[in-house]
Amino acid sequence: MMRNNQHGQAALQFNNVSFRYPTAETSAAKAKGRRNHPLRSFRPFPAIKTAVAGSQTTKSQPLPTHADQLLFDSLQFRVEAGEFICIIGPSGSGKSTLFKLITGLSRPETGQILLHGTAHDSLLGKVGYMPQHDLLLPWRTVVANAALPLELKGASRKEAEQRVTKLLGQFGLEHVANSFPWELSGGMRQRVSFLRAVLSGSDILLLDEPFSALDAITRLEMQEWLMEQWKRRRTTVLFITHDVDEALFLADRIFVLHDTPVRQLHDISVPLRRPRNAASLHNPELIALKQQLLELLRTKVKR
Amino acid sequence: MRHWKDWIAPFLLVFFALLAWEGIARFIGMSFILPAPTEVAAKLWELKVILFTVHLPATLQVIITGLMLSTLLGTGLAVWMNWSKPVEKAFYPLLIVSQTIPVIALAPIFVLWFGYTIWSKVAVTVLITFFPITVNTFDGLRSSSSQLRQLLLTMEAGRRDIFFKLELPSSLPYFYSGLKVAVTLSVIGAAIGEWLGAQAGLGYFSRRMMTQFDGAGVFAPIVLLALVGISLVLLVVLLEKMTLHWRKTE
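The listed protein sequences derive, respectively, from chains A and B. Under full-length UniProt numbering, residue 303 is the last one in the first sequence; the count climbs by one each step, no gaps. Under full-length UniProt numbering, residue 250 is the last one in the second sequence; the count climbs by one each step, no gaps.
Among the hints, a few may not be true.
[Claimed, not checked] Cross-link-like lysine-lysine pairs, in silico, BS3-like; alpha carbons within 30 angstroms at most: (1) K89/B / K180/B; (2) K126/A / K153/A; (3) K153/A / K85/B; (4) K241/B / K180/B; (5) K85/B / K180/B; (6) K89/B / K158/A.
[What the hints assert, rightly or not] Derived, one-sided and incomplete: chain A residues facing chain B with beta-carbon distance under 8 angstroms: (7) L148; (8) P284; (9) A288.
Just so you know, these hints were derived from the structure itself, not from any lab. Backbone N, C-alpha and C fix where the C-beta goes; we use that ideal spot for every residue, glycine too.
Put together the whole structure using the sequences plus the hints.
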């Protein structure tokens, strides 16, 4: 298996990453393009502000809940190139925030996030991201939607669409090239969304509960489809899910987020050979593992 | 497309309303107070040359110039407010407050400023149509989902990309509904502008007929004004259908 090259450079590595602001919706705009702006270190809530060394204190404002809660505390982990990682955890455990940090929409308070051994000033545009809802632009056709990341990287619309058109076959989208998103089924829309993430050009893909809105049968189809795509492309995938079965079926390793603040990820290897099928999950070892996972998630809920 | 049967009900309603109007007007028998529809139609035919060659073009000129100016200014201001928070903070409250000013009462001042030229009427039209275009376009620019914005950011989109690829397309449906309100208002604006002082135009003509106690003569240009309004709305609807062809059609 290719994942045991511990001595090489990890595709993704967290070095003592701490983060305490789970609702940093606005930080994205600041992170982009205003790097030397005096307001760069501005945080809208004073409790956080005081934590930033050297910043002046202002008069206090009411704090929203969780705003100053530490979410990640010196978090460390590494993901090897080509690995398929599933991340599970209850709502509010920081799964989505983890993705915001990796995509560059949020910045860690301390620590470093390395891609292939390199730290970047901003991670925006460095990884492919497939959001929970397909988030296709309703006024663009399938081809034009998938071409979006290429256009944003400077390709002309025509050449971007030509590149996309060549790829459609591999993604099973050739017959819907000129359809608009509302004409497609949920599964097809997710395929377009996945193609768009792939075209961001990164070999690291973040998938945020991509199949959670699909019906059970489509979902199974899409999981198998994703496995094929992953095998073919040899990309590194991080996949958030709520579903333990889905995680066991897809992942090489499962990261469990179950404690706040997160100091360490529960890192569980899935002892299943590939190719896998739905029946693979019925072997006793897997059932025991599933029990163990559910137990981990349940302890969080009790507290 | 709507089936022809859908048109039966409104057609019948208009038909019976006109019939009732005709009956009442004939019963009263004072056409300078309430002219019958047939009289209005006859008047329209009688005055067709002067109405269509002099007054309709004059009013259309005011309407089109006014609409173009307020579209330009309105979308411009909306984009500027969307681009810069201070601009939004400065202009947005003013924009709302400006709507409490009775524009019609203000109109005579434009005659003082611009005289009896076309520009005094255009000014009234612009003032009255500016608001719906600006506010709707601005709301439209703001309507784009923050999730989509974040997604575009993860693809390394800049402020310009987000504007052209996300905010502008999201704002189009809003812009069109603003424009639809604006075109109907523009007819009112032009007519009022002409009341105050003009040498030509449907509003001016209608008022002149009033001084002559010509009831049918008052109504005839108003019928034309209404037709202008309806055609302009239909034009906007057509434009909307053409540019927003991606929208789900029932």
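Taking the hints in turn, this is what the structure says about them:
For a cut-off of 30 angstroms, the pair hint linking K89/B to K180/B stands: about 27 angstroms separates their Cα positions. In summary, the hint linking K126/A to K153/A is supported, as the alpha carbons are separated by about 11 angstroms, within the 30 angstroms threshold. For the hint pairing K153/A with K85/B, the CA-to-CA distance comes to about 27 angstroms; that is within 30 angstroms, so the pair holds. Restraint check for K241/B and K180/B: satisfied, since their Cα atoms lie roughly 13 angstroms apart, inside the 30 angstroms limit.
A threshold of 30 angstroms between alpha carbons decides the hint, and for K85/B with K180/B the separation of about 28 angstroms falls inside it, so the pair holds. For the given pair, K89/B sits about 39 angstroms from K158/A by alpha-carbon distance, which is inconsistent with the 30 angstroms threshold. For the restraint placing L148/A at the interface with chain B, the shortest Cβ-Cβ distance is roughly 7 angstroms, inside the 8 angstroms limit, so the hint holds. A hinted interface residue such as P284/A counts as satisfied when its beta carbon comes closer than 8 angstroms to some beta carbon of chain B; here the least separation is about 41 angstroms, so the hint is violated.
For A288/A, the interface hint is violated, since its Cβ never comes within 8 angstroms of a Cβ in chain B; the closest pair sits about 38 angstroms apart.
Of the hints listed earlier, those the structure fails to meet are numbers 6, 8 and 9, in rising order.
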